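Residue numbers (the numbering used here), protein chains in the order written: chain A, 32 to 329; chain B, 3 to 342; chain C, 460 to 734.
Bear in mind the hints are in silico, worked out from the structure with no lab data behind them. For clarity, every value in this text was computed on a predicted model and none was experimentally measured. Careful: at least some of the hints might be erroneous.
The calculated label-pair distances, taken between Cβ atoms and stated as ranges, are [as the list claims (entries may be wrong)]:
hint: 1; chain 1: C; residue 1: Phe714; chain 2: A; residue 2: Ser224; range: 36 to 46 Å
hint: 2; chain 1: B; residue 1: Asp174; chain 2: A; residue 2: Leu58; range: 51 to 61 Å
hint: 3; chain 1: C; residue 1: Tyr697; chain 2: A; residue 2: His275; range: 19 to 29 Å
No residue lacks a Cβ here, since even glycine has one placed at the ideal position from N, Cα and C.
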Amino acid sequence: MAHHGKGKPPRVGDHPLFRRALLTFVLVLVGLMIVAPLVVIGVEAFSKGVAYFGASIADPDTRHAIMLTVITALIAVPVNTAFGVAAAWAITKHDFPGKRLLTVIIEIPFSVSPIVAGVAYLFVFGLQGLFGHALQAMEIKILFALPGIVLASMFVTAPFVARELIPLMQAQGRDLEEAATSLGASGWRTFFSVTLPNIKWALLYGVVLCNSRVMGEFGAVSVVSGNIRGQTNTLPLHIELLYHDYNAAGSFAAASILAGLAIVTLVVKVALERQGAGRIQRPSALAGADTVTPEVKP
Amino acid sequence: MKIRLDNVVKEFETFRAVHGVSLDIDSGELVALLGPSGSGKTTILRMVAGLEYADAGAIYFGDENATDIPVRERGVGFVFQHYALFPHMTVGENIAFGMKVSKIKRSPQAIAARVKELLDLVQLSGLKDRFPGQISGGQRQRVALARALAVDPRVLLLDEPFGALDANVRRDLRRWLRKIHDELGITTLFVTHDQEEALDLADRVVILNKGKIVQEGTPETVCRSPADAFVMNFLGDANRLEAEIRGGKAHVDGIAFEADGIADGSGQILFRPADVTWREDGQGIAASIVRVIDRPDSRRVLAMTRSGQAVEFDTAPEFPHRRGDAGFLDIRRPRVYAAA
Amino acid sequence: MRLRRRVLPGLPLALGITLVYVAIIVVLPLAALVFKAASLGPEDYWRIISSDRAVASYRVTVTCALAATAFNLVFGLSLAWVLVRYRFPGRRLVDALVDLPFALPTAVAGIALTTLFATNGWFGGPLSLIGIKVAYTPLGIMVAMSFTSIPFIVRTVQPVLEELDPALEEAGQTLGASDLSIFVTVILPLLTPALLAGVSLSFARSLGEFGAIIFIAGNQPFSTEITALLAFIRLEEYDYPASAAIASVMLLTAFVMLAITNFMQARALRYTVRG
Numbered sequence: 032m033a034h035h036g037k038g039k040p041p042r043v044g045d046h047p048l049f050r051r052a053l054l055t056f057v058l059v060l061v062g063l064m065i066v067a068p069l070v071v072i073g074v075e076a077f078s079k080g081v082a083y084f085g086a087s088i089a090d091p092d093t094r095h096a097i098m099l100t101v102i103t104a105l106i107a108v109p110v111n112t113a114f115g116v117a118a119a120w121a122i123t124k125h126d127f128p129g130k131r132l133l134t135v136i137i138e139i140p141f142s143v144s145p146i147v148a149g150v151a152y153l154f155v156f157g158l159q160g161l162f163g164h165a166l167q168a169m170e171i172k173i174l175f176a177l178p179g180i181v182l183a184s185m186f187v188t189a190p191f192v193a194r195e196l197i198p199l200m201q202a203q204g205r206d207l208e209e210a211a212t213s214l215g216a217s218g219w220r221t222f223f224s225v226t227l228p229n230i231k232w233a234l235l236y237g238v239v240l241c242n243s244r245v246m247g248e249f250g251a252v253s254v255v256s257g258n259i260r261g262q263t264n265t266l267p268l269h270i271e272l273l274y275h276d277y278n279a280a281g282s283f284a285a286a287s288i289l290a291g292l293a294i295v296t297l298v299v300k301v302a303l304e305r306q307g308a309g310r311i312q313r314p315s316a317l318a319g320a321d322t323v324t325p326e327v328k329p
Numbered sequence: 003m004k005i006r007l008d009n010v011v012k013e014f015e016t017f018r019a020v021h022g023v024s025l026d027i028d029s030g031e032l033v034a035l036l037g038p039s040g041s042g043k044t045t046i047l048r049m050v051a052g053l054e055y056a057d058a059g060a061i062y063f064g065d066e067n068a069t070d071i072p073v074r075e076r077g078v079g080f081v082f083q084h085y086a087l088f089p090h091m092t093v094g095e096n097i098a099f100g101m102k103v104s105k106i107k108r109s110p111q112a113i114a115a116r117v118k119e120l121l122d123l124v125q126l127s128g129l130k131d132r133f134p135g136q137i138s139g140g141q142r143q144r145v146a147l148a149r150a151l152a153v154d155p156r157v158l159l160l161d162e163p164f165g166a167l168d169a170n171v172r173r174d175l176r177r178w179l180r181k182i183h184d185e186l187g188i189t190t191l192f193v194t195h196d197q198e199e200a201l202d203l204a205d206r207v208v209i210l211n212k213g214k215i216v217q218e219g220t221p222e223t224v225c226r227s228p229a230d231a232f233v234m235n236f237l238g239d240a241n242r243l244e245a246e247i248r249g250g251k252a253h254v255d256g257i258a259f260e261a262d263g264i265a266d267g268s269g270q271i272l273f274r275p276a277d278v279t280w281r282e283d284g285q286g287i288a289a290s291i292v293r294v295i296d297r298p299d300s301r302r303v304l305a306m307t308r309s310g311q312a313v314e315f316d317t318a319p320e321f322p323h324r325r326g327d328a329g330f331l332d333i334r335r336p337r338v339y340a341a342a
Numbered sequence: 460m461r462l463r464r465r466v467l468p469g470l471p472l473a474l475g476i477t478l479v480y481v482a483i484i485v486v487l488p489l490a491a492l493v494f495k496a497a498s499l500g501p502e503d504y505w506r507i508i509s510s511d512r513a514v515a516s517y518r519v520t521v522t523c524a525l526a527a528t529a530f531n532l533v534f535g536l537s538l539a540w541v542l543v544r545y546r547f548p549g550r551r552l553v554d555a556l557v558d559l560p561f562a563l564p565t566a567v568a569g570i571a572l573t574t575l576f577a578t579n580g581w582f583g584g585p586l587s588l589i590g591i592k593v594a595y596t597p598l599g600i601m602v603a604m605s606f607t608s609i610p611f612i613v614r615t616v617q618p619v620l621e622e623l624d625p626a627l628e629e630a631g632q633t634l635g636a637s638d639l640s641i642f643v644t645v646i647l648p649l650l651t652p653a654l655l656a657g658v659s660l661s662f663a664r665s666l667g668e669f670g671a672i673i674f675i676a677g678n679q680p681f682s683t684e685i686t687a688l689l690a691f692i693r694l695e696e697y698d699y700p701a702s703a704a705i706a707s708v709m710l711l712t713a714f715v716m717l718a719i720t721n722f723m724q725a726r727a728l729r730y731t732v733r734g
């Protein structure tokens, strides 16, 4: 018999011709839209040979840009992480008026164009802005210097850690923390020995994504940095500068560092998702589950 | 429509497999496939529906070999365990779905009339415009039945139809399903792991274990003459005593029971808790009472035989004995089987 | 409103940190921007945001974002379908690669796409032979927008498709429906809330995108100049009020899109209300 030994009848979309056509369509587009840009970075970076690539990376301005990017991340990521943990703790383990509003405000930077963020910072710390003159009088330099770059980076990545932790900690409830407190543990003790072990993968996931975005941020930083070569150029800005200097190979060499970082980020992300962090924990995913399988199977 | 399964086989890696099942279902019969989880009962139902292909064997609908007829042309009505109602369609749209996608073109008026008729049949006339999320579990179950019946199926198949419902709703719906079946006379096969449900509802019960039929027959047959210890245990509470079989007799603690046709060796005696009488003296297996549990209409007594085997039995609420009292277990209707 | 008696410690500290951070990092700059834009006065404000060049930039941005989102709707749904329903070698790799546009810095994406689609590039060369120019045209903007927002629709649809109860399709089959009618009448409606949520996220991201676009766009006023770039250019021209006004339009749009997105995501839950 034709079907014998074949298990189930075909599901919707399992017709071999359709399947092959759709798979081909998708894989070709993935190749063109996602893989090709990645490959072209590598190819262009080495288009003038390995020596040129090495020289481009070793160039003092490139090295300075790398340093500045790393320093920015070293400041912005830990601060952001502390904020994300504090926000998640306050929002998921306590009730207070305005909680919903606070949750929405934390998410705002995710929806705002980085350019708008940069422009907005200009109107706080720039000479045209709220504190510009006061800062100038005190000789504090925020814009076109490291503090501005760090602040703008913190704005665009503000939601990253919190949005990983909030849904997870919401789902975990307060029972464990309440049990620990009832056994006499202090707040810090409760956090470090009860809460943290349960959220460590999600926390790390948020930190990794936050770091990736901080190191790669372009729009907001390009407004507030002033683009001073060898001084306030982060790596993404330096890439733009080299590119517009018609030094494509140098630009792509610098870009390949960030592309490498992106690949590392993806690998770590997949590893963390295997530990249960990430999108499967998000409410949208959970809601999706509820949408179609309302009954809990035993 | 008669259904015949001829030595149907379905191999899975571990679980739910079916190892050569043959079964005849008469036209208009209501048959239960009863078994524990993993016994293959749902797999059989899904093969009859065409939702699963058999690895070997054949399935006949009447005289037609239906083994390779695709599910959508097989003309079965299937009620899924969790109903699988389309959550974005109203109750009315759910019931109309099969008629709308059918190759037989019906006018909207004809479809509406049929939907109304089915809603009346399942007593949900007022709920046509509700969504599945807005009605109770029992109501969803009836919508699922109406939806399955709308396409005038040759066979009605139900997978654990009452599994997701509360006990009291379950009993009402059971009686009601029997009534609908008697009105429509459609050949019906349903799967359950609940022996009470199977016995209450079915003309005939097919008991499955590990992918094989262990017994089939009317509720009376399977209750009164369970084919083996598995059936005896599965159908209800049973006590089990180790016995030794010698020359057509089963011996337990010096008492002998009829064991015609069972080979010598170790054996077992099974009996229902209701089939024990406690005697202060006389015939029976010597035992002492371990505990007395009170129930609304009876007392359940836990006793221990002299050889250390536990027995439970039911008595009248007035049962006067207490923990520690010694006496004898007089067993009616013992069933003797060779050891498993 | 009185606070409920608290069991767990740490609220004052945690909430204190949160509020200070949100106030300084998020609210203060946005308030400063709104304040700056508001100080313009209605006439000047309107003159700036309704200038021909600004309106042209809105048109370019919105048109390209719509086209990019439409493309991603088809591509994203297909990609999610393939990842969830088919097993093929390299599936996990493709699944991981879907997030590349989020992980790759926009400037890097920008120069890579420009190089690919320039007339001497891998794609731009062959395309120019058949008369299609991508780099430095609105098509280039669409390509950059599509690239940066690929993951949104895939990642909103994928979990819903994964959790779609197979019994719903089987129910359709037992009722005699063809594959196409099951897809159209059962599967697609159940995916629609997730698709719309993904579409609104994708569209919002495309409206605000900057880094990936400016390299490939050509940036000619009235034809390939996006709104974000216009705000940037006004800044470089030291025309701060104009920059503030245009940025405030983008901010308002972002808020509207945020509201729409939240509404769409809430709607994605609509079938979960159980009796």
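Cβ separation of phenylalanine 714(C) and serine 224(A), checked against the hinted range 36 to 46 Å: For phenylalanine 714(C) and serine 224(A) the Cβ distance comes to about 41 Å; the hint holds.
Tyrosine 697(C) versus histidine 275(A) beta-carbon gap, inside 19 to 29 Å or not: 21 Å, holds
Leucine 58(A) and aspartate 174(B) - C-beta distance against the hinted 51 to 61 Å: 54 Å, holds
Violated hints for the displayed structure: none, as all numbered hints are satisfied.
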